[in-house]
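Protein chains in written order, with my numbering: chain C, 1 to 246; chain U, 1001 to 1248.
Do not rely on the hints blindly, as some may be mistaken.
Far from chain C by the CB rule (all over 10 Å, computed), these chain U residues [claimed, not checked]:
id, residue
1, N1022
2, M1070
3, D1075
4, P1079
5, H1122
6, D1141
7, E1222
Derived DEER-like restraints, expressed as beta-carbon distance ranges [claimed, not checked]:
id, chain 1, residue 1, chain 2, residue 2, range
8, C, L234, U, R1067, 38 to 46 Å
9, C, S239, U, N1010, 44 to 52 Å
10, U, R1112, C, I218, 54 to 62 Å
11, C, R78, U, P1215, 56 to 64 Å
Don't read these hints as lab results, they were simulated from the structure.
No residue lacks a Cβ here, since even glycine has one placed at the ideal position from N, Cα and C.
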Amino acid sequence: MFPLVTFAALTLLWTLVWRAGVFHQSALPSPAAVWRAFAEEIRNGRLATDLTASLFRVTLGFFLAVALGMPVGLWMGRSLRARLALLPVVNFFRNLSPLAWIPFAILWFGVGDSPAVFLILMAGFFPVALATMAATAGIPEVYFRVAEAHGIRGVERLFQVTLPAIMPEMITMLRVTAGLCWLVVVAAEMIAGRDGLGFAVMDSRNGLRTDLLVAEMIVIGAIGVLIDRVLMRLTRIPSVRWAYER
Amino acid sequence: MSDKQFVLRNVSHAFGAVKVLNGVSLEIGRGEFIAIVGPSGCGKTTLLNLLSGHFAPTSGSVERNGRPRMVYQEDSLFPWWTVDENISLGLRKVAQNGEREGRIRELLRLIRLEGFGKHYPHQLSGGMRQRVELARALAGDRDTLLMDEPFSALDYLERLRMRRELARILEERSHTVALVTHDIEEAAQLADRVVVLSERPAQIRRELRIHARRPRSVTDPEVVRAAGVILTELGIEGDAKELASPLK
Chain C
1 MFPLVTFAAL TLLWTLVWRA GVFHQSALPS PAAVWRAFAE EIRNGRLATD
51 LTASLFRVTL GFFLAVALGM PVGLWMGRSL RARLALLPVV NFFRNLSPLA
101 WIPFAILWFG VGDSPAVFLI LMAGFFPVAL ATMAATAGIP EVYFRVAEAH
151 GIRGVERLFQ VTLPAIMPEM ITMLRVTAGL CWLVVVAAEM IAGRDGLGFA
201 VMDSRNGLRT DLLVAEMIVI GAIGVLIDRV LMRLTRIPSV RWAYER
Chain U
1001 MSDKQFVLRN VSHAFGAVKV LNGVSLEIGR GEFIAIVGPS GCGKTTLLNL
1051 LSGHFAPTSG SVERNGRPRM VYQEDSLFPW WTVDENISLG LRKVAQNGER
1101 EGRIRELLRL IRLEGFGKHY PHQLSGGMRQ RVELARALAG DRDTLLMDEP
1151 FSALDYLERL RMRRELARIL EERSHTVALV THDIEEAAQL ADRVVVLSER
1201 PAQIRRELRI HARRPRSVTD PEVVRAAGVI LTELGIEGDA KELASPLK
């Protein structure tokens, strides 16, 4: 109910600003024009194509970042030597904007899926490793003592103790990282893309189609929210509820 | 096999330069309940870790005939597992899958938590969680409980209840128990023998036998007297000799 009121108020404000002529007509489209542009994009299938391309890249890059970052983070969390050796490097790259890699991404991978996936990987890997490390290092030692006393070791310990113990923090990490990856894919496609939502934004700008531009911006924001909502459902798994209810 | 579950001979232990235990000799008989009390940081938990085999002593010898299991002071249940799953951890090495189900029911009945098997630890009160920890330790083939301030996180009434529960459970399932506690009253109420340790490096200051049958009331004259003696031994109350005379 409340979100709908806010949404209606924002649309009204937008309409008023547009009617008042604060910006030149070519610089701010009307809500109606955006709605028509949106319908047109759906009809001609371009929106679906771009959306599929972006979602494919973000999914692949995100899974690569998690699949590679989590083992490194687990290792750094359990081994002091690994932490001392790798933490400065991880911190350095975490603070380096992944967009700084764009020139190299294009030099090495050209245009298309590969450079975008590479950039998403660079954006996601280091925060994943860091969050996993912090969560793993924070597991109460008593859990490992209990595991040891009951003969849980090695791979079994990883799956029965370590991973379940950090799972709530990993869900938060997944949500943050997915958001980050979604930001990066749009930026990457703007420069190194021939399709995708980021490319569509750039293309609309070049064609001075502000109506299309706003329609695409709305889709990008909405998809970001949707991804987060989907990942948030992971917090409903019974075996992670302890982190939220106590 | 001797009827002694544990025999410590002149055991000393140090962490680097810090000497924690100094020449402790102690025997614990089968089925005996001993409580270890002493000033904080004096080495009570270290003594327990020597009994469990988690540490090897710096000098002296530890003979271990019992099969001990630790009960911890913090929440050591796995919060991502249900009560059933946590208890069945204690049964890993013993029961077949089919048999396990029945053993878990039996343990839930013992700790009076029937119907809570599918609950997660965070859905239970502190006292209920502590009972599940007890059930996990009792599951399986171990005959000795090493308890490290197991009730210290509970409020006073819950603590009194847990003492009664423990006495009742041990009545049903005899175990050797070594209980480390800072709660003098708890020691006097539960133990057959109270071992009072000195300041670090800890030596045994005194061993006190309590003969009253369990379950004992907190206000049982022997419990009150024993608590008095222990407090005096720890230098917190009056003259030790005077208070101790009716006991020994």
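We went through each hint and held it up to the structure:
no.: 1; hint: N1022; result: holds, 26 Å
no.: 2; hint: M1070; result: violated, 6 Å
no.: 3; hint: D1075; result: violated, 8 Å
no.: 4; hint: P1079; result: violated, 4 Å
no.: 5; hint: H1122; result: violated, 4 Å
no.: 6; hint: D1141; result: holds, 12 Å
no.: 7; hint: E1222; result: holds, 35 Å
no.: 8; hint: C:L234 x U:R1067: 38 to 46 Å; result: holds, 40 Å
no.: 9; hint: C:S239 x U:N1010: 44 to 52 Å; result: holds, 48 Å
no.: 10; hint: U:R1112 x C:I218: 54 to 62 Å; result: holds, 58 Å
no.: 11; hint: C:R78 x U:P1215: 56 to 64 Å; result: violated, 45 Å
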